[in-house]
Each structure stands twice: as structure tokens, then as C-alpha cells.
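Engineer: Heads up: the protein sequence lines correspond to chains D and B, in order.
Here our numbering runs 1 ahead of the position in the first sequence, where the first position is 1.
Here our numbering runs 6 ahead of the position in the second sequence, where the first position is 1.
Hints are not guaranteed to be accurate.
Said to hold, decoys possible - Simulated crosslink set (SDA-like; lysine to any residue; CA at most 20 angstroms straight-line):
| # | chain 1 | residue 1 | chain 2 | residue 2 |
| --- | --- | --- | --- | --- |
| 1 | D | 182 | D | 211 |
| 2 | D | 7 | B | 192 |
| 3 | B | 101 | D | 259 |
| 4 | D | 7 | B | 181 |
| 5 | D | 4 | B | 219 |
| 6 | B | 99 | D | 5 |
| 7 | B | 99 | D | 171 |
| 8 | B | 101 | D | 17 |
| 9 | D | 99 | B | 15 |
| 10 | B | 99 | D | 271 |
| 11 | D | 263 | B | 212 |
| 12 | D | 271 | B | 86 |
| 13 | B | 219 | B | 75 |
| 14 | D | 37 | D | 20 |
| 15 | B | 76 | B | 181 |
| 16 | B | 101 | D | 20 |
| 17 | D | 37 | B | 131 |
| 18 | D | 234 | B | 229 |
| 19 | D | 234 | B | 131 |
| 20 | D | 182 | B | 101 |
| 21 | B | 234 | B | 65 |
| 22 | D | 99 | B | 11 |
Source of the hints: derived by calculation from the structure; they are not laboratory data.
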Amino acid sequence: MKKTSKLVIALVSFLLGLLWIFPFYLILTNSFKTPKGIFASVLSLPSPATGDNYVNSFKALDFLRSLGNSLIITVVGVILIIVFSAMAAYALQRNHSKISGGILMLFVSAMLIPFQTVMIPLTANFGRVHMLNMWGLIFMYIGFQSSLSIFLYQGTIASIPVSMDESAELEGANRLQTFFKIIFPMLTPITTTVGILNIIALWNDYLLPSLVLPQNQYTIPLQMFFFFGQYTKQWHLALAGLALSILPVIIFYAFAQRYIIKGVTDGAVK
Amino acid sequence: MKNRSLSFWLFVTPTLVALALVVFIPALMGIFYSFTNWDGLTYTTMLGFKNYITVFQDSGFLAALWFTVKFVVVTVILLNVIGLSLALLVTRKFKGNNLLRTVFFMPNLIGGLILGFIWQFIFTQVFDALGFSGWLTNQTTGFWGLVIVTLWQMSGYIMIIYIAYLQNIPTEVIEAAEIDGASPWQRFWNITFPMIAPAFTVSMFLTLSNGFKLYDPNLSLTNGGPYKSTEMLAMNIVNTAYSENDFARAEAKALVFFVIVGAISLLQVYYTRKREVDL
């Protein structure tokens with residue numbers, strides 16, 4: 002009885018897994034077909050298989066440039082979010098005054114404000130000072146993402162005894178040295194979590210960059226949106242483009258899977 | 007760290023300035039502009055509550071609100087049922103359970119925009135070929151299309167949350183119940199279910215607020231069509247601003263949206279606190 006129920010559970014899970022994978026299978030197989038091949042049979046394997054779709058969509062997407070833009074924005078943005086949020090969380094945690102409590106309240110309450118509420122005045126203001134570009138976007142990400150990041154850092158910093166700071170200061174370290182040499186290295190596990198959550202958020206974001214970035218700074222999601230508009234009904238190219246745009250995420254997932262699942266769990270549960 | 011010390015402000019200022027310029031100042035400006043005839047650059051007169059009155063007379067906005075509420079109710083229920091079921095399956099010991107976790111979670115890493123395009127292909131081309139033609143051409147199939155994309159994207163995320171809580175249940179408790187002769191169903195209802203109740207609160211909050219704010223898959227899957235019948239709240243606000251260039255009214259809509267989402271979030275937080283005290 003026990004053995005059969007175990008077998009049933011494994012079988013059901015396995016079938017569900019296949020169902021979950023199936024959309025990826027459809028995109029991948031059809032992306033190697035000719036338009037005629039897709040029309041003839043969407044479910045079959047490509048025959049003849051062609052790589053032309055990839056060559057053509059790679060060019061039409063200007064893939065390397067949008068990949069580069071996505072990388073710059075995500076890497077620079079996430080590093081700045083990590084450094085500044087950890088610093089702010091440290092100062093706010095070690096200071097027990099009303100001002101400090103008030104500032105923390107500001108950060109927490111900012112999480113309740115939906116993006117659409119600030120989007121119009123925000124882009125109007127940044128437009129006025131000519132900051133509708135990737136650097137302006139990175140600055141905006143610091144504003145939007147610091148609340149959750151500070152919140153996550155706070156808990157961990159609270160568990161580091163103040164005596165650590167004091168002994169560093171006795172040895173003549175100033176505040177910055179104490180933070181970067183003693184405290185920040187001890188935060189590595191939560192830094193990984195904060196990093197993962199922000200990488201996912203920045204890499205996939207569409208609406209804000211679509212309002213901020215000029216065309217030569219388009220990220221992958223933005224480029225994909227315009228590519229799709231141009232090539233509707235040319236599914237062979239659109240599918241190869243989709244597969245290309247998913248590829249960096251799959252590679253990232255393959256290498257950092259354990260950290261990603263831990264990071265996402267921490268971000269939701271804490 | 008002292009308040010007045012230079013280092014306190016040195017540490018806090020970068021994020022505080024960003025938060026002020028990116029969130030609070032635009033939010034306050036937005037509140038002000040929603041009472042004017044602001045055109046995105048300047049305003050000439052104060053309108054009082056006129057923008058807000060037109061928001062509640064706007065049939066497109068009310069339709070989007072109703073469509074969004076229906077979407078949220080359906081996805082909150084289904085996501086929790088599917089997420090919990092997947093968690094219960096993959097926490098059993100069998101070969102490949104870890105690989106399946108990876109598979110169920112994978113769509114969550116891909117942005118909503120790309121996911122919507124993937125499913126546009128499936129609903130139009132693949133469904134057509136299989137004889138289910140006409141998907142995404144009316145409100146009903148558009149609605150279920152959006153629900154399916156959301157389930158595919160978010161179930162693995164909700165599963166991960168339930169797994170975190172399931173793994174905290176001490177195995178001795180389950181074993182003791184087994185020895186006492188409790189059936190699997192009794193064990194689930196009387197032990198597992200009460201112990202993962204906090205997971206339900208967390209995932210309820212996430213699915214609620216994500217549902218209300220959904221934009222990307224809405225844009226890429228149906229673009230609100232046909233004839234705006236699948237337009238959700240976030241898209242209605244974006245379109246009022248950037249397609250109709252009616253910025254003051256869009257801002258009024260966005261503030262109504264804020265009140266709705268904020269009230270739900272606060273209720274949720276209050277409910278969570280209360281339950282944590284009860285436990």
C-alpha cells in the first residue's frame with residue numbers, strides 16, 4: 002500500500018513537471034522551424050531544422066546591445082542598492098533615536114505606494130532635468146528597491162553584537178572602516194538574498210524602463226516588446242527572439258539555483 | 007551612532023535622498039496634480055474633486071476594476087491550492103523531487119512580459135492547431151488566458167513559500183500521530199494544515215497585491231483587447247496617462263488605486279499580526 006502510494010505521488014509529480022516544461026518545449030522546437038514547418042505541425046520536432054531564425058532575430062533584436070544595456074543597468078544598479086541599503090540599515094539599526102525610527106518608518110511605508118501612483122510626476126521631473134536615461138533609471142531603482150533591501154538587512158544586523166563595532170573602534174577604525182571591514186563581510190548570506198531579489202526585479206522590469214530609456218539604451222524586455230510589434234505573424238522569428246531573451250535567465254538559474262531559491266524564500270517569508 | 011554625528015547622515019543620506027526624489031516627492035506632487043488640470047507639464051486651474059468624480063463615472067475604469075477583482079479572487083484561490091499541492095508533492099521523498107522543484111519554480115524567474123508572449127503563441131498558434139481556436143479573441147478566453155499565465159508563473163513561487171513552512175514541522179509530531187493511528191487525511195487537517203497557516207497569510211498577501219498590480223502579462227498577452235475588455239487596473243491607468251495624455255485624471259485614478267491596494271495591504275498586515283498574537 003505504502004509503496005504504491007509513493008509511486009502514484011512520483012508519477013503525478015512527474016506528469017505535472019512535464020506540463021510545466023511543455024511551453025518551453027513548444028517555444029524551443031518551433032523556433033528551429035520554417036514558417037511552413039510551424040504551420041504544418043506545431044507539436045512535432047523540427048524537420049528540417051534551421052538556425053536561420055536565430056541569426057535573423059539576433060540581428061533584428063540588436064541582441065548584443067540590449068544584452069549589454071540589461072547587464073549594465075542590472076549590475077551597477079544592484080551593487081549600488083546593496084552598498085547603500087546595507088549602510089543605511091546599519092546606521093538605522095545602531096541608532097535608537099526617534100529620528101532613526103522615523104526614517105525607518107518612511108522606508109517601510111514607501112513599500113505600500115504602488116508604482117503607478119508616482120510614475121507620472123516622477124518621469125516628468127526627471128525629464129525636466131534631462132535624466133531620462135539609464136543613469137536616471139539606476140537612481141530610480143535605488144529609491145524603489147532600497148525599502149525592501151534595508152528591511153532585510155535590518156534583521157541580520159540586529160543579530161551582530163555591538164561589541165564587534167566597539168572593539169574595531171578601540172583599535173582605531175572609523176565608522177566607514179568598521180562597516181566595510183568588519184560588519185559588511187559578516188552580512189554575506191543576506192547580501193546574497195538582497196542581490197538575487199534585486200537582480201530578478203531589475204532584469205525583468207518593463208514598465209519603468211519603457212518610460213525612461215531612449216531607444217539606444219533599450220534593455221532585453223523593451224527590445225523584445227518592439228521586436229514583437231514589428232514581427233507579429235512571423236512566429237518563426239518571434240520564437241527565436243523569445244528563446245534568446247530567456248537564455249541568460251536559464252544560465253543564471255543553472256549556476257545559482259540554490260541561492261536563488263533561498264533568496265526568494267527569505268524575501269517572501271521574512 | 008549619534009543622530010547628529012556626521013557618519014549617521016553619511017550612511018543614511020544616499021538611500022534617503024533617492025527615496026525622497028523617487029517616491030515621496032512625486033507622490034505628494036501627484037496628490038496635488040490630481041486636483042488640477044495638469045497636462046504633464048503645467049496646470050492652469052484647480053478643479054477640486056472633479057477628476058475623482060470623473061474617475062468613478064469612467065466606465066472603462068470601473069470595468070477594469072471589476073475585471074481585476076474577479077482576476078484576483080480566482081488567482082488567489084487557485085495559486086494557493088496549486089502551490090500547496092505542489093509543495094506537498096515535492097516534499098515527499100522520491101527520486102527527482104528536487105529537480106521538479108527547480109522545474110516548477112523556473113517560470114517565476116522570467117519576466118511577465120516575455121511570459122505573456124510565450125503564451126500568446128500557445129493560445130493562438132498551438133491551441134488553433136489542436137482545434138481550440140479563437141482564444142484571446144473575447145473577454146472570457148482572455149481572462150482565463152491571463153489566469154493560466156499567472157498560475158504558470160506564480161505557482162512555483164507559492165510552492166517555495168509553503169515548502170519553507172512544511173520543512174519547519176517537526177517530524178516527531180507527524181510520527182507520533184501516525185503511531186496513534188491518525189489517517190493521512192487526519193494528519194493533514196489536524197497537524198500539517200494548522201502549522202502552515204502562517205504560510206497561507208504570507209502567500210495570500212503576495213498573491214493579492216501582485217494580482218492587483220499586474221501589468222506586464224496583460225500588455226504582452228492581450229494588450230487589454232479585444233476592445234479593452236481585458237484591460238486591468240494598472241493598464242487602464244497607464245493608458246489614460248500615456249495614450250490619452252490625460253495626466254491629471256490618470257493621477258486621480260492612480261490615487262484611488264493606491265487607496266484600494268493600501269487598504270488591502272493594511273488589512274492583511276493587521277490580520278497577520280492578530281493571528282501571530284493568537285498563536
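Engineer: Please go over all the hints and tell whether each is borne out by the structure.
Structural biologist: Results for each hint:
1. D:182 <-> D:211: Not OK: residue 182 of chain D and residue 211 of chain D at ~39 angstroms, beyond 20 angstroms, violated.
2. D:7 <-> B:192: 18 angstroms, holds
3. B:101 <-> D:259: Distance of about 18 angstroms is within 20 angstroms: holds.
4. D:7 <-> B:181: 17 angstroms, holds
5. D:4 <-> B:219: 45 angstroms, violated
6. B:99 <-> D:5: Since the Cα atoms of residue 99 of chain B and residue 5 of chain D sit roughly 13 angstroms apart, the hinted pair holds (cutoff 20 angstroms).
7. B:99 <-> D:171: 53 angstroms, violated
8. B:101 <-> D:17: Status holds; Cα separation ~15 angstroms.
9. D:99 <-> B:15: Since the Cα atoms of residue 99 of chain D and residue 15 of chain B sit roughly 14 angstroms apart, the hinted pair holds (cutoff 20 angstroms).
10. B:99 <-> D:271: 27 angstroms, violated
11. D:263 <-> B:212: Distance of about 17 angstroms is within 20 angstroms: holds.
12. D:271 <-> B:86: Judged against 20 angstroms, a Cα distance of about 19 angstroms means the pair holds.
13. B:219 <-> B:75: 11 angstroms, holds
14. D:37 <-> D:20: 26 angstroms, violated
15. B:76 <-> B:181: The hint is violated at about 41 angstroms.
16. B:101 <-> D:20: 18 angstroms, holds
17. D:37 <-> B:131: 13 angstroms, holds
18. D:234 <-> B:229: Measuring from Cα to Cα gives roughly 16 angstroms; hence the hint holds.
19. D:234 <-> B:131: 10 angstroms, holds
20. D:182 <-> B:101: 44 angstroms, violated
21. B:234 <-> B:65: 11 angstroms, holds
22. D:99 <-> B:11: 15 angstroms, holds
Comparing the model with each numbered hint stated earlier shows that hints 1, 5, 7, 10, 14, 15 and 20 do not hold.
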